[in-house]
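J.: Single-letter residue listing:
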Amino acid sequence: MAKRHAIRFGDYIQAMVVDTQQVPFEELMPEPLFDRHGNEHPQPVPKLKLGGGDVVKVLQPYLSTRFIDQARAVVPLAIYLALFQYIVLQTPVMDASIVAGGLLAVMVGLMMFMEGLKLGLMPFGEVIGNTLPRKLPLVGVLFIAFLLGIGVTFAEPAIGALQVAGSIVDPVEAPYLYTLLNDRGGATVLVVGLGVGLAAVLGTVRFLRGWSLKPLIFMTVTPTLALSVIAWKWDPIGLSSIVGLAWDAGAVTTGPVTVPLVLALGVGVASAAGKGADSSLSGFGIVTLASVFPILGVLCLSFYTALTVSPETIIAAAAEVKLAAAMAASQPQWYEVTPWAEVILGVRAIVPLVIFLMIVLFVVLREKMKSAFITYYGIIMAVVGMCIFNVGLTYGLAKLGDQSGGLIAGAFASIDAISASPLYSFSVGVATAGLFAWVLGLGATLAEPALNALGMTVQNLTNGAFKKSMLMGAVAFGVATGLMLGVLKLIFDFHIMYILIPGYTLGLILTLLSTEEFVNVGWDSAGVTTGPVTVPLVLAMGLGFGNAMGSTDGFGILATASICPIVAVLTLGLYVQFKVKREERRIAKEFALEGEIV
Amino acid sequence: MKRSFTTLTDATLITAVVQSGCGEVITDALLEIGIQGSTIHAAMGVGIRERLGALGVAIDAEREVVSVMVSSDEVDRIFERIFLAAKLDVPGNGFMYATPLLQAATYVPPSILSKYAGQ
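Sequence lines, in order, name chains U and G.
Going by the numbering used here, the first sequence opens with residue 9, and the numbers climb by one from there.
Going by the numbering used here, the second sequence opens with residue 3, and the numbers climb by one from there.
Pulled out of the complex, with its shape left as it was, chain G reads as follows (with noise of 0.2 angstroms):
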């Protein structure tokens, strides 16, 4: 069998560093509006229990990494919900940023390919 395969474009990848366990919750609030895909990495951060002295034994050293690839044009939406769901605007939650993709591929629905398959 002939294997073809389709590259996407205009894709984004969000990355949000949080504190270890709120990982799932920013994958919940991603699954509510129907973006799948989030990975999840467990890390060690540095520097922040440094940085708040006293307070830091509240923040937890552990982190999780999630990474999430959202089409260019949802970015700001997406980017906001995270934002959001994480509670980034408290010190010491994290922190996220949104890179652009050159390339990214994956498994494509033949209804999706076929609207493409003439260009």
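Extracted from the complex, chain U is given alone in its bound form (with noise of 0.2 angstroms):
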């Protein structure tokens, strides 16, 4: 008789899968203190001791996650860039590896930074918003919120680019221009700071009284056009090539630092008057103002300017900080050398934006910061990301674009870079320009991680009747189809007033024709398409594209590509609504007939 073994099937099922074993649970409790009266003595939290092999358990996701985000953003558009210039314009990424080095830097910078912004910056928003409407009398409020307006935008990643933009403007062709971005650029990111508090106001005082946004826009966008048209016709003062630059203004300020600070403020100002809840509404609208007083703000700025100082001025001050620099480029000081001039750059954006919350909060609040520790490491990872992202900026983004956008050019005219240039005929050459920018928005648009929760957010709201990918496809179509319209501009050397006329004129009659959530929505989404990627990538392309086409003012795609979408997501907006009430109607009808036949 054979002999048998008996196995308990459990302890095989056991045994093949995982070691399990048994720990009771109060080996992990703290053993409990207690003083000679029998009370319970506190006790400071046990720190848990990490092997080396746990540390990088913990690390690895937290780090990994994170740049796979910045990295979905960044990697595919500079892929999309090199291999357009390898395959169809046949000319390999100069510099690639400085490139490569900057666009890593962009990456781990923009991580440093988003998550700085999460641990550091956003608590203070929250704290701020929830208890300054309950300490302050609303002006206090107002007051506080103006001045965050200022703060954020400084603190914005993509206002940077501005500045580095200016540096290829030419002083002879643009006076006005290259004065505004260089000697005054100070001023000019401060007057777009304040019309960013201004937004800030407005969209808060909007959230109480719950005004209906049409009239704002009216009221804010049509001087604003006018202001545009007057800059652009009235000849003897030479400001046509700012209007480019005022417009795009518009869509840098709208980034990752300012939507989020300045909406817990207002979020915060509107549930404290009992307000928060009824309006689903109430986060949209600061971002379409914030958007359009900058933009105001540098006409103004422009005008002032034009009005005070005369052209050659600023062509003979020009002249001398050019020789200056020449003198000083044998040996330039130690803050003007690469890694130090984006570090100052850094530290200027954040640190007085913090100092700011940071006086709000302890001196005209009295609050304490919970988890302090994780606050200030929060602080730190913001500037010093924000410094990497500079440098990353300077070397990466700025350089690629630059140089994508100065040898698309190439296709169907004849430029230095390309031997072989023009490399098609003129019409194929412009097709393939135009072609170019429009995958290149669609692409950069659809990653944009803002826009996916816009549409989640459209998609409650309309409960369902305005679908996520209808709205992004809407917006990413806008975007495109705006950057196209832009490269156009630069090849036909048309005023961009020839878009921007026809274009929100069209805006302001959907506005007039659509229900106030469209309304909200459609001019939301401009904002949301422009993050820190993007923004420094087309401002690049458009100057290197404009200076490869000898043309004066490289501004402006920014801008085509805002209003674009706006369009874009009204015109949907009015479809589906029609499509809902024919629906409505259709049911209607049919509840009507049974009951006849009943």
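Be aware that a few hints might be false.
[Stated by the list, open to error] From the structure, some residues in chain G lie toward chain U, with a derived Cβ separation under 8 angstroms:
no.: 1; residue: Glu52
no.: 2; residue: Arg53
no.: 3; residue: Leu54
no.: 4; residue: Gly55
no.: 5; residue: Leu57
no.: 6; residue: Ala60
no.: 7; residue: Ala87
no.: 8; residue: Leu90
no.: 9; residue: Val92
no.: 10; residue: Pro93
no.: 11; residue: Lys117
[What the hints assert, rightly or not] Straight-line C-alpha distance at most 30 angstroms; calculated DSS-like pairs for lysine-lysine:
no.: 12; chain 1: G; residue 1: Lys89; chain 2: U; residue 2: Lys55
no.: 13; chain 1: U; residue 1: Lys65; chain 2: G; residue 2: Lys89
no.: 14; chain 1: U; residue 1: Lys475; chain 2: U; residue 2: Lys597
no.: 15; chain 1: U; residue 1: Lys476; chain 2: U; residue 2: Lys589
no.: 16; chain 1: G; residue 1: Lys4; chain 2: G; residue 2: Lys117
no.: 17; chain 1: U; residue 1: Lys126; chain 2: G; residue 2: Lys89
no.: 18; chain 1: U; residue 1: Lys587; chain 2: U; residue 2: Lys597
no.: 19; chain 1: U; residue 1: Lys475; chain 2: U; residue 2: Lys589
no.: 20; chain 1: U; residue 1: Lys57; chain 2: G; residue 2: Lys4
no.: 21; chain 1: U; residue 1: Lys126; chain 2: U; residue 2: Lys475
no.: 22; chain 1: U; residue 1: Lys222; chain 2: U; residue 2: Lys55
no.: 23; chain 1: U; residue 1: Lys143; chain 2: U; residue 2: Lys55
[Said to hold, decoys possible] Pulled from the structure, derived: some chain G residues nowhere near chain U, Cβ distances all over 12 angstroms:
no.: 24; residue: Arg5
no.: 25; residue: Asp30
no.: 26; residue: Ser73
no.: 27; residue: Ala106
These aren't lab readings, by the way, just hints derived from the structure by calculation.
Just so it is clear, the structure is predicted and the values come from calculations on it, not from any experiment.
Positions of the beta carbon are idealized from the N, C-alpha and C atoms, including for glycine.
Combine both chains into one complex, guided by the hints.
T.: The following block contains the structure:
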């Protein structure tokens, strides 16, 4: 008779799968301490000691998820640009290793900055937003909102791109453009900040009073358009080249720092007044205002400059600066050399905002920060990230954009960089350039995480009538078309107003016809698309392209990329509205018929 | 129409508290083996950051609580699956527990109801 072994099936399963063992939970609990009266002693939280392997296990997912988030936005764009250059333009990427290093710096910098923003700056925004309205009268709150608007503008990573772009402008061709970006660069950013501050105030008041966005849009967009027309047509002051910059400035402001911080304050005010919950739309509108007011501000500043300074003085001053730069080139100051210049920019961008937030929190509100260690870690991350991002901006995004922009002209015109240029016949070349811009816009927009979030909100808001994919499609289509229009503008060298006037007129007409929800969503969708990666890349591309084409004004591409999604979303909104109404009518009719039959 | 209702017996609730974003990893792992009806709640966790010191910044204080009801016979298998899917052997990732349920009720397909009709 054969010997038989018996194993419990359960034991077999356990042995096959995972080692399990049992430990009483008590082992994990701290030993309670009692004094001699039998009361429990308070005791500090015991620190957990981790081995090297565990530290890696904890840090690895933390770092990789955050890095992948940024890489997802940067890598496909960079590969697209490089492949396009290599295959269509038949030119390899120049300084490929420097550009790659720069892009890596952009990803690492953004990763650190976004984490710092979340851990270091957002808690301030939330605490201030929640407690400020309870401790200060409305005027005080609005004043702080105004100052915050200025502060966040300086901290916006994309704003550095404007300054980088300024160094490419030729002072003789466009003196006012040059001065606004270089020696008056600080004033320009300040004016943009004032605009954002004003938008924060107006947006907050709008939350409280429940104003409709429509009249606000009409009241702000119309004068801005009018001023732009004056700047464009009124020849003697020579401001025509400034219009593109002004409208681009609006697109630059609404980035990852401004939107959440200003919103946190606005929502806090609204909920303190008991008006937060009733309107799911309350989060919208500020973004729109924050992109219109800066345009107005930059236009006003340019008028002021034009009336007080003559172009000749600017050109002379620019020549002087250039001379001084040439002299200094042999022996540059330490703060002008590469890493330090960017570090100073980064520190200057974040530190004032942090100090301002701290003053509000500790002095005005007399609140304490919870988990101070995490907050300080976040602030340090934000500053360091900003510095690294700035380095990457100069060497990665701006360089790559400038290069592709300059080279793409070679598709249809003769340029120095490509000896065989023009590579294609004029019509094919122009079509190639247009298509290139279109695909770039589509890809960059669909990769933007903020758009995904907006899509979800809209889908919930309209009970699914306006699907997320529809909104994302409309916005991406709009941005793509806008970029293409911007590139065509540079090729055929017509003025930006030829696109902006019909575009915004159409936008205003559609605004009149649409319901409040779609107006809010549509106008905000323009601001959402312009993130910290897209803006510098597109700006540099436009300027490089403009330079290669010999046109003075490479700005304006962002502006056209802002209006087109507005028109696209509003149009789609009208269509959805129409469809919903038709459906309702059909159902009503069916019910009526049923009634007859019964 | 007369309505009837059936209670289910031998059910166990598995609850896992994990870092924000990890909840879907668990529900996906459960769906793969046909376990549906998980719930994800948003929550805030307190304590682990303090215990980990400087390393605490790598841990998200925002948590997700996943709860799923399973048959008591299957508990060990599913408990283990969730543990592995959520990588709960990494410090700070979260914790989970199983609680017996007194009774539960939901829609029961008629084919199953008829099997137990006589009892």
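J.: Hint by hint, say whether it matches the structure.
T.: Hints, verified against the model:
1. Glu52: holds (5 angstroms)
2. Arg53: holds (5 angstroms)
3. Leu54: Since chain U brings a Cβ to about 6 angstroms from leucine 54(G), closer than 8 angstroms, the hint holds.
4. Gly55: For glycine 55(G), the interface hint holds, since the closest Cβ of chain U sits about 6 angstroms away, which is under 8 angstroms.
5. Leu57: Holds. Min distance 6 angstroms.
6. Ala60: holds (4 angstroms)
7. Ala87: violated (12 angstroms)
8. Leu90: Nearest chain U Cβ about 11 angstroms off; hint violated.
9. Val92: holds (5 angstroms)
10. Pro93: holds (6 angstroms)
11. Lys117: Interface hint status for lysine 117(G): violated (26 angstroms vs cutoff 8 angstroms).
12. Lys89(G) <-> Lys55(U): holds (22 angstroms)
13. Lys65(U) <-> Lys89(G): holds (10 angstroms)
14. Lys475(U) <-> Lys597(U): Since the Cα atoms of lysine 475(U) and lysine 597(U) sit roughly 26 angstroms apart, the hinted pair holds (cutoff 30 angstroms).
15. Lys476(U) <-> Lys589(U): Given pair lysine 476(U), lysine 589(U) holds - Cα atoms ~20 angstroms apart, limit 30 angstroms.
16. Lys4(G) <-> Lys117(G): holds (20 angstroms)
17. Lys126(U) <-> Lys89(G): holds (25 angstroms)
18. Lys587(U) <-> Lys597(U): holds (15 angstroms)
19. Lys475(U) <-> Lys589(U): Holds, at about 16 angstroms.
20. Lys57(U) <-> Lys4(G): Violated - the C-alpha atoms of lysine 4(G) and lysine 57(U) are around 62 angstroms apart, more than 30 angstroms.
21. Lys126(U) <-> Lys475(U): holds (29 angstroms)
22. Lys222(U) <-> Lys55(U): violated (56 angstroms)
23. Lys143(U) <-> Lys55(U): violated (38 angstroms)
24. Arg5: Label holds. Min Cβ-Cβ 27 angstroms, cutoff 12 angstroms.
25. Asp30: With a cut-off of 12 angstroms, aspartate 30(G) remains clear of chain U, as the shortest Cβ separation is near 16 angstroms.
26. Ser73: holds (16 angstroms)
27. Ala106: holds (25 angstroms)
Of the numbered hints stated above, those contradicted by the structure are hints 7, 8, 11, 20, 22 and 23, listed in ascending order.
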